[in-house]
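Respectively, the protein sequence lines represent chains F and U.
Under our numbering, the first residue of the first sequence is numbered 55, with each subsequent residue one higher.
Under our numbering, the first residue of the second sequence is numbered 63, with each subsequent residue one higher.
Honestly, the hints are just simulated from the structure, not real lab data.
Remember, predicted model here, so these are calculated numbers, not experimental data.
Glycine included, C-beta positions come from ideal geometry on N, C-alpha and C.
Errors might be hidden in some of the hints.
Said to hold, decoys possible - Ranges between beta-carbon positions, derived for each pair:
1) F:Ala143 x U:Ala598: 26 to 34 Å
2) U:Arg587 x F:Asp510: 55 to 63 Å
3) U:Arg123 x F:Thr512: 52 to 60 Å
4) U:Gln237 x F:Asp510: 28 to 36 Å
5) F:Asp584 x U:Glu233: 37 to 45 Å
6) U:Ala329 x F:Gln409: 47 to 55 Å
7) F:Pro424 x U:Gly239: 35 to 43 Å
8) U:Gln147 x F:Thr512: 53 to 61 Å
9) F:Phe702 x U:Arg180: 49 to 57 Å
10) U:Met260 x F:Ala143: 19 to 27 Å
11) U:Gln237 x F:Glu210: 38 to 46 Å
12) F:Ser571 x U:Gln237: 37 to 45 Å
Said to hold, decoys possible - With the C-beta cut set under 7 Å, the calculated list includes, among others, these residues of chain U facing chain F:
13) Arg312
14) Pro459
15) Ser469
16) Ala552
17) Glu591
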Amino acid sequence: MGMNDAVKADWRVGVDIGGTFTDVVLWREGADNLVQIKLLTTPADPSRAVLDGIGQALDQVGIAAQELTSVVHGTTLVANALIERKGVATGLITTRGFRDVLEIGREWRYDLFNLDIVMPTPLVPRRRRLEIDERIDAAGLVETPLNLDQMPGLVEDFRAMGVRSVAVCLLHAYLNPGHEQALGAMLAKTMPDVAVSLSSDVSAEMGEYERTSTAVANAYVHPIFRDYLERLVAALRELGYQHELLLVLSDGRSIAADVAVKYPIRLVQSGPAAGAEAARLFGELARQRDILCFDMGGTTAKACLIHDGEPERTVNFEVARETRFAEGSGLPLLIPAIDMIEIGAGGGSIARVDQRGLLQVGPDSAGADPGPACYGRGNQFPTVTDCDLLLGYLDENSFLGGKMKLDRDAAALAVRVHLADPLGIKPIEAAWGVHETVTANMAQAATIHAIERGLDATRFAMLPIGGAGPVHACSMAQKMSITRLICPAGAGVASAIGMLAAAKSFEIGRAAPSELSLLDFTKAVELLNDMTTEAASLVASAGAEDDQVTRRFSAMMRYLGQGYEIEVPVTLEMLEHHDRDGLLASFSECYRDRYGRSEDMPAELLSWRLAVTGQRSTLGDSLGQRAAAGEAAPVSRTGRPVWFGESFVETPVFKRSDFGTGSTIHGPAIIEENESTLVLPAGFELSVDGALNLILDATS
Amino acid sequence: MSEIELNAVRLGLIWRRLDGIVDQVAETFLRAAFSVVVRDNYDMAFSLFDAQGRQLTQSKRSIPSFLGTLPRTLAAVLERFPRSQLAPGDVIISNNAWIGTGHLNDISMVHPIFRGDRLVAFAASTAHTVDIGGAPSPSARDCFEEGLCIPICKIVVAGEDNATVMDFLTENLRQPGETLGDIRAQFAAYRDCNAKLMALMDEESLHDLSPVADEIIARSEQSMRSAIAALPDGEYGDGFDVDGVDYPLRIECMVSIDGDQLTVDFAGTSGQVPWPINSVLNYTQAYARYAVKCLVDPDAPNNAGSLAPVHITAPEGCLLNAVPPAPVWGRHLSGHYVPPAIFGALAPIMQNNIVAESGSPLWNVYFSGRHDDDRGNFVKMFFMNGGHGARANGDGPGCLSFPSNVSNQPIEAFEHQVPMLVREKCFIADSGGAGRFRGGNAQRLVFEARANNPITMTIRHERIHYPPRGLLGGKPGRAGIDQVNGQTIAAKSRTELNKGDRVVFETPGGGGLFAPSERDGASIRQDLENGLTTPAASRKSYGHE
């Protein structure tokens, strides 16, 4: 970009709409500083805060919207529509005999002991799930031809039921999309006002329940998302922005709005994925390739692993869970996503004494509204944030840069009445117990997440982001035996920064199940060529020049009959040469890397994947050069008593701006920034690197 | 320990860490395991016990039956090897059905954990193995046909593999690599458990787990005792007929509540039979305790304390306490009736929590044969759940597993492995029993053989003659159906299928709860709109459409 116009500056904007705040970051390509704007989200029309924020950012540097060369955007709109069940009336067409697959699900209870278990209500009720005669077999061959004569009846039924969006999911369509495409064409002709989502298009993966669920979720939010994007694009035009709008997907890649509009479900985790991209960038700046990104806000805490410089990815995602943290209680989605786990309910998590007479923290949360007791908005139950205030980690006068005064007495009362008195201990001991319990919970969940992926979390550096992340990071790291932490500047607007860091990129997958010994290489090469053509057109429309585009092929493979597949890098050349042994060797190597051994067992292939990526952002190079010399041993301006488990210790309080490259201090200390507070216990040494990251190393 | 006070905060943190350790260790096992049933179906359990052999905690992924059978397994191990004969690094193994999970296909192991020379805990685990030698079949007449029985013995002696035991296993199994791989994966998990437990005890300055264990058990026991004490004292009975093989069998159950103690007795249940559908007492007790916990105190932790006030007995030699050499391969065909028997007995006094009968015992089918092409042989097990019983707070979900909690498999994956076409997998209208809350709908599955080579089909199904009952005025669910080419076949049978043959399975529907006349109009209309009930049936059950 900007290739033909080298004299003109490239101004880029990243915008993240979260549940509470909308963050805008403006950056001039090559500059080592960022303009950061945080404003309240406007739920009725989210584009209002977006335009406001961009306007404010432009005003700060005194440029016009015409000078912007790219706007990258992430939003919670899709996730919220699914969680709140606010999509449109959706219909579903399936192979005859299979309309109930969507509701039968996997027949498995996510909670063993709860007889009143609630299973997710399907997004399409049974009456709007219609069937058609057709059948494709497991080889992808037509067993029963598609009977299009039945379509007028189906269309009439959908019309009568007021259907505005239709999903189509036919058996084995991931192998042969012909019948779905014919239905799609017919629907476009006969119901032009209705949005159509084909499963083979949205997610060409094997597994009829999960694929149907994905296609249905896409259809359910499609019209809403399309309308939103149209409004936003028009408003940006009006503002004077002349280029295309880019959107961040759940896998942290970004793609042009005209492509994204067809696959709204791919945006379900858009903001958090951009946060992981930011963590990768910050990690690169600190020369760390193995990062545990720990993002803790008011209502949720998430963890994500970046292994060898790449975020861990998955194609199995779940949204709108009936029971928080209960895997299997939500709607499954087969979409490429950064693999994140929710490890806690955030600073708003409510603490109580349970039926065993012990402290319990979460899973319910006071959220942002009414929020913790110390917000003084009517919640009387003690939360993690209330305890952080009593322990001296937070200060009632400097919260959110002093914009919000906290009520210490309300926090103390809540802790005494609901925790300390029933347990017969001092309030400060109860507050410490809550802090220890919540960090222990999160440490355990994050450790297990790593083990499940065959990774050893103790070798990772922790990178805390979000308002409450740095408050709890050191305590959590100690419990995970993690010895290094990286605290980047701008952690409070990490997702918006991540949007500027993400390369334009798109990933597509095609299921092609086959035992390796029976793999038809000629067909595989054909399929990969088709995928290349398709992906190239998608990325080209995102403005990536062909000579900057890189392609990465991979195969999802496993030992025959196993349930977990791993991603194995492959080259087109390997397939052209029918290199069966090479493919097996590649798989064995990846497997060994992950599980420490390989087996003497036949392997099988589940699907092919292709990621096409445009030029990388140079944001990292620029931010890496922002070293600013600071005092070797800065002196604190104030201090306050802080509790670290034994007694109150008079602890120095610093501003983050007190530190420059080369500064060093030892804990205990508190370091305050506008959006967050870093708690540095004894046993940690803090130093500052060339990119102004605070590096914390355990010394004991 | 004594010098540091064990207050509620500290106890809570240690307890949480113990829970976390078994979850992490179970993941170590799952990730290193070889067999599909363990890796993907989580057909396993991992549990931690104190030095006295009291169960403290278990991994979340554990299946309910194994959790309930492990305490008895450990007790039997300690009878054979008193503590004085145990050394650091020992692992003791057995798959004896009577001290284990009720059939030979589950191998259990126990590992004593020492701190210095003091025994402080036991790690124990159970994992399913598809092959255990022998020739288990629906026609087995005694347990000796059903495979290799491993007596209680040390498979690892003070850290050294016992080659004799390993050789015995290798010689007797069809796929020794897979089974021994799973066994070694558990060794790795034990080492991990040892290290993590020592780290916890170091950090918390604990020389012994006893004070922590005493608190954990006392608090859990208190929770269960309070929950039982809240129920009215008395004796509550239930009894019903079940399909059996040649003739119907009877399940009888009496639940006695006396203060804070609950006793379940199965006196009056039919005697054991010469078919592989007998349950051993340990398996019966596991499902009985699971049912009591679900019903009485579902939110409390599961450990020796929560089980202490619950007593389960059954007369020796009956279907639910079979004695050797009874064949037991399909012990779930009687054992899965234990929860509905207890629910039925307690229904009158637990109207706000109760669940009507579900379409279980779990239905499954084995298909085996040879592919027409060069892919060789196939053996595939396919699971199908029935409708869930109606609950006190709403309708039963359609096709949700209870009590076994086994999931289904995607049709698209199945068709890649077996040369058959699935023609239908859908709800059966009117299959859920009527009631204020209706039972969950059952499912219909239609399979069509496509291969030139014949396919052998083995089924073990129940609820063909006696459908799931409704409770407290609710109506029964629909009975199950097994057909080949329109002809009913025996529910426990082996059939050879040829190209074009069509198999229909209709699982049983869930029972309803409370009188149908109490059902609200909106729910009746919604079921009609969605075609889950037909107008004719709706009129019959509810008096209107």
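Evaluated hints:
1. F:Ala143 x U:Ala598: 26 to 34 Å: Given range 26 to 34 Å: holds, Cβ gap about 29 Å.
2. U:Arg587 x F:Asp510: 55 to 63 Å: 56 Å, holds
3. U:Arg123 x F:Thr512: 52 to 60 Å: 23 Å, violated
4. U:Gln237 x F:Asp510: 28 to 36 Å: 30 Å, holds
5. F:Asp584 x U:Glu233: 37 to 45 Å: About 51 Å separates the Cβ atoms of F:Asp584 and U:Glu233, which means 37 to 45 Å is violated.
6. U:Ala329 x F:Gln409: 47 to 55 Å: 34 Å, violated
7. F:Pro424 x U:Gly239: 35 to 43 Å: 59 Å, violated
8. U:Gln147 x F:Thr512: 53 to 61 Å: Once the Cβ atoms are compared, 37 Å apart, the range 53 to 61 Å for F:Thr512 and U:Gln147 is violated.
9. F:Phe702 x U:Arg180: 49 to 57 Å: 38 Å, violated
10. U:Met260 x F:Ala143: 19 to 27 Å: Given a distance of about 59 Å, which is not inside 19 to 27 Å, the answer is violated.
11. U:Gln237 x F:Glu210: 38 to 46 Å: Check failed, 55 Å falls outside 38 to 46 Å.
12. F:Ser571 x U:Gln237: 37 to 45 Å: 19 Å, violated
13. Arg312: 26 Å, violated
14. Pro459: 5 Å, holds
15. Ser469: Check passed: Cβ of U:Ser469 comes within 4 Å of chain F, closer than 7 Å.
16. Ala552: 25 Å, violated
17. Glu591: Hint holds; U:Glu591 Cβ to chain F Cβ min 5 Å, cut 7 Å.
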